Structure formats: structure tokens, C-alpha cells
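Number of protein chains: 2
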Amino acid sequence: MIKNSEPTIHDIARELNISASTVSRALNDNPRISLKTKEKIKAVADAMGYRPNTLASNLRNKKSNTIGIVVPLINRHFFSSVISGAEDVAFKAGYNVVISQSNDLADKEINIVQSMFSNRVDGLIISIAMQTKTFDHLKIFRKKNIPLVFFDRAVPEIETDKIVVDDFAGGFRVTQHLIDQGYKRIAHLAGTQNLMAYFDRKKGYLDALRKNNIQFDESLVIINTLTSDEGVSAVQQLMALKNPPDAIFCGNDTTALSAMIFLRDKGIRIPQDIGIVGFSNEPFSKVVSPSISTIAQPGFQMGQKAAELIIRQIETKERTYQTIVLPTELIVRESSSRRSFQ
Amino acid sequence: MIKNSEPTIHDIARELNISASTVSRALNDNPRISLKTKEKIKAVADAMGYRPNTLASNLRNKKSNTIGIVVPLINRHFFSSVISGAEDVAFKAGYNVVISQSNDLADKEINIVQSMFSNRVDGLIISIAMQTKTFDHLKIFRKKNIPLVFFDRAVPEIETDKIVVDDFAGGFRVTQHLIDQGYKRIAHLAGTQNLMAYFDRKKGYLDALRKNNIQFDESLVIINTLTSDEGVSAVQQLMALKNPPDAIFCGNDTTALSAMIFLRDKGIRIPQDIGIVGFSNEPFSKVVSPSISTIAQPGFQMGQKAAELIIRQIETKERTYQTIVLPTELIVRESSSRRSFQ
DNA sequence: GCAAAATGCGCAATCGATTGCATTTTTATT
DNA sequence: AATAAAAATGCAATCGATTGCGCATTTTGC
Numbered sequence: 001m002i003k004n005s006e007p008t009i010h011d012i013a014r015e016l017n018i019s020a021s022t023v024s025r026a027l028n029d030n031p032r033i034s035l036k037t038k039e040k041i042k043a044v045a046d047a048m049g050y051r052p053n054t055l056a057s058n059l060r061n062k063k064s065n066t067i068g069i070v071v072p073l074i075n076r077h078f079f080s081s082v083i084s085g086a087e088d089v090a091f092k093a094g095y096n097v098v099i100s101q102s103n104d105l106a107d108k109e110i111n112i113v114q115s116m117f118s119n120r121v122d123g124l125i126i127s128i129a130m131q132t133k134t135f136d137h138l139k140i141f142r143k144k145n146i147p148l149v150f151f152d153r154a155v156p157e158i159e160t161d162k163i164v165v166d167d168f169a170g171g172f173r174v175t176q177h178l179i180d181q182g183y184k185r186i187a188h189l190a191g192t193q194n195l196m197a198y199f200d201r202k203k204g205y206l207d208a209l210r211k212n213n214i215q216f217d218e219s220l221v222i223i224n225t226l227t228s229d230e231g232v233s234a235v236q237q238l239m240a241l242k243n244p245p246d247a248i249f250c251g252n253d254t255t256a257l258s259a260m261i262f263l264r265d266k267g268i269r270i271p272q273d274i275g276i277v278g279f280s281n282e283p284f285s286k287v288v289s290p291s292i293s294t295i296a297q298p299g300f301q302m303g304q305k306a307a308e309l310i311i312r313q314i315e316t317k318e319r320t321y322q323t324i325v326l327p328t329e330l331i332v333r334e335s336s337s338r339r340s341f342q
Numbered sequence: 001m002i003k004n005s006e007p008t009i010h011d012i013a014r015e016l017n018i019s020a021s022t023v024s025r026a027l028n029d030n031p032r033i034s035l036k037t038k039e040k041i042k043a044v045a046d047a048m049g050y051r052p053n054t055l056a057s058n059l060r061n062k063k064s065n066t067i068g069i070v071v072p073l074i075n076r077h078f079f080s081s082v083i084s085g086a087e088d089v090a091f092k093a094g095y096n097v098v099i100s101q102s103n104d105l106a107d108k109e110i111n112i113v114q115s116m117f118s119n120r121v122d123g124l125i126i127s128i129a130m131q132t133k134t135f136d137h138l139k140i141f142r143k144k145n146i147p148l149v150f151f152d153r154a155v156p157e158i159e160t161d162k163i164v165v166d167d168f169a170g171g172f173r174v175t176q177h178l179i180d181q182g183y184k185r186i187a188h189l190a191g192t193q194n195l196m197a198y199f200d201r202k203k204g205y206l207d208a209l210r211k212n213n214i215q216f217d218e219s220l221v222i223i224n225t226l227t228s229d230e231g232v233s234a235v236q237q238l239m240a241l242k243n244p245p246d247a248i249f250c251g252n253d254t255t256a257l258s259a260m261i262f263l264r265d266k267g268i269r270i271p272q273d274i275g276i277v278g279f280s281n282e283p284f285s286k287v288v289s290p291s292i293s294t295i296a297q298p299g300f301q302m303g304q305k306a307a308e309l310i311i312r313q314i315e316t317k318e319r320t321y322q323t324i325v326l327p328t329e330l331i332v333r334e335s336s337s338r339r340s341f342q
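Protein chains in written order, with this note's numbering: chain Y, 1 to 342; chain Z, 1 to 342.
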């Protein structure tokens, strides 16, 4: 143990009086090397505790075997589920995943994406930040022909693989469900409209109203960033109307919960007085009381699919892109089940 | 645009009829290069859309600027919080994070750790898998002097930085709290005892009993892997005793919830008939009904701290290790507040 | 005006693994 | 035994950035 650094193929070669090429080939099971030599080499490699230096290999092969994943916030159930699913598939396929969070900040996202490019990720899976309004940092990936997959929040103007949930159908289904439950004045708490996801949810809401011949009332739609606090202030605003709603389709479960708690504290019964539906099926929505009706978004599955798509882009030359729309599932729970009280 | 590959410092050098060395130094703001040349070089680099190839740089510098993080499951609130906190600190310090999940499987953990080593991560942050019983794959890191930080689930026999929550105090506090609330027969639903965290929680439980002169009853302690289902079967087992408990200290919130739902469905009132306390402060524990008393584990902060520790190890030569014990906080909620009903 | 010092830049090796082509060794054939 | 054919291995360049050392050129001091 004279050397303090890691053994390399050259060390193994010296040990056996052969060339580094042969060692390299042997360790990669190249058929050009005889079985006998291979075994000798592998034995010595083991004995020396040799572990290939992936950095060197990556440089030479111009391939990092790494997939970058960028999400707004790692610490959010939906996103961590996606990451979990993607890591699962990627690891099995021999890829590492490097992960960064944009905190929904455009600047940080640009920073991250450039850093990932410098690290020569083989592909990038991204759900863009709420704040992001320009997309040059992502277009570069397409221009340089580096695999790119959007999930959840995609950029319409960039043509590449996308995997989203059917937000339109989700919004429609929620609204139709509320109508079916006998609610008449249905409000919608919407997210930033420059994100397709929120835009489509609202579109679904509007479409359901139209299909049911319900007059759209602009004062019943509030757009904000869907934080817990904003859920409360939105509901306050809604309840202050001359003609307040009797149901609220919340853009996510967080606002659904905060709205529900606010209303409960005001003595308003849910679902009898007001029906509530959320979106995303956060773990808590099932266990709170009353449990919150919501739309399930298959995060884990989405991550798996995103990884499959990016690996397909990486490993094949074909450049035919698809947009996969995962079906949404309406989960009816207590917060909107008024019929059962009649 | 004849080249389809990325511009390198050599391309910039050729363009300006200077050497690559100068370009490299200029881009790194080396004082040996004149300001005028630097500006020229940077201008050309910008114009060519040059982005340094980190792979090459890493190889030469024998430093990957990458921190590996291994957790049992990404998609778990506590762990994703830790990852989030670590990524935050790491990114600001110029490090990337690669993340993998062991799924609590020893084999996969070994596999991951070796792969991270091959990728020459500058340091490894890990919470070991429940299943892991041998630690050679981690000892290697210490032997090779590669920074290693344990969080949450540490290996006692490996000397390095560790950051854990005060599980003993947490277990003690929970138990004392239940005693203070007037519960007499307190059961404990414990996790695998080869993990310090669960071992210490139980030790705190036992210590609190002793301090209060309460006879320890072995039949009141059940050890399993703390899944939702096992929470139910454990409670079934407890309630089948001749002398069932009137309080349960659950090793995590998941089992606390499943136990609670099971008991509620059996018509048992919580906290009046049976008190329940969980551990970890999962998001849902606050919003379920009754809300679950629990121990807060500062995941995000733990991740930040872990990243700080590993970066300190990476960037300084000193090798004095510390074990940081983050304080636990008992959050008293409805599920154990019997006093308010008396 | 001239040596000494400072400044600016280039050469070439290096990091560790890979690979096209060349060379050596082994095997088969007559 | 000689030669062709096949098999096994080695040489050296390459991936792109970094850096010790050395060589010019300019500046400084007296």
C-alpha cells in the first residue's frame, strides 16, 4: 500500500506485465481477450480493490450515464414521488440521477440547467418553475440535440417528449362531480395561468359549466399561487361576495385543506353547506376529516415513464416525440359527498 | 457551425491564435493573464456558446464536485426534506447532488454505494437501509478517506460525522407525556432494533417507565417494521391481551394513524379510551382527526447540516468528527390530550 | 543605457479509460 | 516444416481541461 491514490488499469497492467488496453478490454469482457487472461486480470483487479474511474470513462465516451432531474421543490409529495419513480427506472438501466430544485425561481432554474449541461448529463427531465417565463435555457438542449423530457409542467413551444396528466379532464370531472352533487354556485381557486396544468384545469372547469348550461361568473374564479395562506384569503374573498359559492374546486389539496379548516372554524359544514374538491391527492387528503375529494396524479408512475422516455431518447437515434397524457382519476371522498346527507 | 460537437477551449484558442493554456487560465481568472486578453477570450467564448466540460475538469482535478446522497426511500416526507435541505446547501456551495434510494434493501445499498464510489463522489451522505447488517461497503469510504456523513440512521462502529435526532429524549418525552396525561398501561410499537434510532426510542420509553416506577410489561412492546399494515396487526395483538394498554407510543406516524383508524372503527375513543402518540411529525399527523401527537424531526435542517458537515470534510483536511444530536420537539395534539376531557 | 525583475504566454505532460490499427503469437493446413 | 489464417495483445492517440516549467517581451531601477 504505497500508493495513496486509487489503482488504475495501468497499475493492474504493470502488475501483470501486460498493456492497459488489454486490461481495459478484459474488464469490459471484450471477446478479443482470451478467457485465461481475463480471469487473471479480474483476479488481480479484485485483489487490488480496483474500481473503474467513471469520470475518465465518461470523458472518453462523451457520455455521463447521468440523467438530470429538475423539480420546483424536492420536498413535495408529488415531486418526490416522480423522482422516486424516475430513480427506480434509471438506476436499473445503469444511470445515475442528479437532482436539483428550482424553488420555483426562474433564475435558479436557469442556473441549474446550465450546470447540468456543463456536467454533460445525458438527458434532462424537468418540470419548469412557476416563475419561468423564458425558455432559452431549455431550447439549447433541443438545439444541441440533448434528450429533454418535460413532465407535469411542460413548455408548449418546445417540441419534445412530454408527460402530463389530463388536467383538462381532471378539471372537467371535478366540476361535473360537484354539479352532480347538486352544488349550484361553483367557485374555482386557480393557479398561475402561464402553467398549462393550471390553465387546463380551469379550462375543464369552464367547459363543464358550459356543458351544464351554468352561467360563468367571473367573481367566482380567483387566481393565485395556491399556497396555504392564499387558500384562506381566497376563501375569505369568496365568502364576502353578495352571492357566495356553495362549492369550491381548489387548484390543489393544500388550498383545499386550508380553505376547509377556515370554513370549519367559521361553523360552515362541509360538505353540507359547501363542497370542496382539491387536486393532486396529497397523502393527507385521504386522512383528514372530512377527507378531501381530489384528483389522483400518478407521480411515481409518471417518473418511471419520464425515465423510460429519456432513456429511449438517449439510446436510440429516432427523434419522434410523443406527449403522454396520463389519465386522471377522480377520488370522491367526504368533502364533496353532499348526496349522502340528503 | 461545421462542428456538431461542443466548442472546447482549443476551439477558442484556434479562433484567437493563442494557446489553450491561456484560454483555460483566462476563463479561470488567473492573474497571469492580462485583462485585455481575458476580455477577448471571454467574448469569443460567449460568442461560441462555450460551456466548460466539467467531466474533463473533474478528471484532471480528481474532484467531481458531487455529493452522493443515499436514503431508504426518496418518496418519504422526512427523507425528501433532508434531501431538499442538503441540495440547498450543496448547490450554493457549488456541488451537485446525486441521489439514490436503497428501498431499505442491503444489496441495493451496496450496489449504490459502489457506484457512487466509481463516480468518485467527493463525499457521501447516507441513512442506512433497515436491512443492512454489514458495513464493509461503507468502511471502505473511511479507509480511503472519502468524506462520509451519516444522518438519522448511523452505524455506531464507523467513526465519522453523524447527525441524528435525540431519539432517546424523544422516546422519553413521549412516554412521560402519556404518563402525565394519566395513562397507566403504555404500549410501545417499536421498529427494528438494529437501527439506533428505534433502539433509542425504546430505551427512552423504558427509562421513562423506570423513572416513574412503572413496571415494564414485555407483552406491551411489539417490534416490527412499522408499516401501515403492521400497525394494525400490532394493535390487534395488543387489544387481544387480557390486560390491554390504554396508550400506545407508536414508532412512527404511519403506524399511529393506521392504529388510530383501526381503533376508531372498533368504537374506541381517542384520546379518551386510548392515547396515541406517533413519531416524525409527518404532514398528515397535524391535519387528521383527531390530530396526532408526535415528535418533530427537523428533516430540512438535518439535510442542511449534513451538507455542511460533508463540505467541511471535503474542503478542510482536519479529521475531527462530531456527532450532532438535534433536539426533538414533542408536539402535543389531540390524540393524547386526555386531560382536556376530564 | 543596461541588467534585473516582472509580466504574459506557450509547450507538453497529466488525469484514467477507450479504441482503431498494427503487431505478435498461436493454430490449422498442406 | 512452411505458410496461411486466426487469435491475442500492444501502441499510441483521444476525450477536454489543467498546470509546472520555461521562454519571450516588457517594465523597472539605478
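Because the hints were derived from the structure by calculation, they are not lab data. Every value quoted in this text rests on a predicted model; they were computed, and no experiment measured them. Just to be clear, a hint being listed does not mean it is correct.
The list makes no distinction among identical chains, and a pair is therefore deemed to hold if it is satisfied within one copy or across any two copies.
[Claimed, not checked] Straight-line alpha carbon distances no greater than 25 Å define the calculated DMTMM-like cross-link-like pairs of lysine to aspartate or glutamate that follow:
no.	residue 1	residue 2
1	K38	D217
2	K144	D107
3	K286	E318
4	K133	D88
5	K36	D104
6	K286	E334
7	K108	D29
8	K108	D46
9	K242	D88
10	K286	E230
11	K143	D11
12	K317	D166
13	K42	D136
14	K242	D217
15	K133	D46
Here's how the hints hold up against the structure:
1. K38 <-> D217: neither (76 Å within a copy, 61 Å between copies)
2. K144 <-> D107: within (21 Å within a copy, 38 Å between copies)
3. K286 <-> E318: neither (42 Å within a copy, 49 Å between copies)
4. K133 <-> D88: Between. Shortest inter-copy distance 23 Å satisfies the 25 Å Cα cut-off; intra-copy 31 Å does not.
5. K36 <-> D104: Intra 57 Å, inter 38 Å, cutoff 25 Å: neither.
6. K286 <-> E334: Cα proximity of K286 and E334: in one copy and across copies (9 Å, 19 Å).
7. K108 <-> D29: between (43 Å within a copy, 23 Å between copies)
8. K108 <-> D46: Close across copies (20 Å), not inside one copy (43 Å); limit 25 Å.
9. K242 <-> D88: Answer is neither: 52 Å inside a copy and 46 Å across each miss the 25 Å cutoff.
10. K286 <-> E230: both (22 Å within a copy, 19 Å between copies)
11. K143 <-> D11: Classified as between: cross-chain Cα gap 19 Å, same-chain 42 Å, threshold 25 Å.
12. K317 <-> D166: neither (29 Å within a copy, 53 Å between copies)
13. K42 <-> D136: Between. Shortest inter-copy distance 20 Å satisfies the 25 Å Cα cut-off; intra-copy 48 Å does not.
14. K242 <-> D217: within (13 Å within a copy, 62 Å between copies)
15. K133 <-> D46: Close across copies (23 Å), not inside one copy (52 Å); limit 25 Å.
Checked against the numbered hints above, the structure violates hints 1, 3, 5, 9, 12; every other hint is satisfied.
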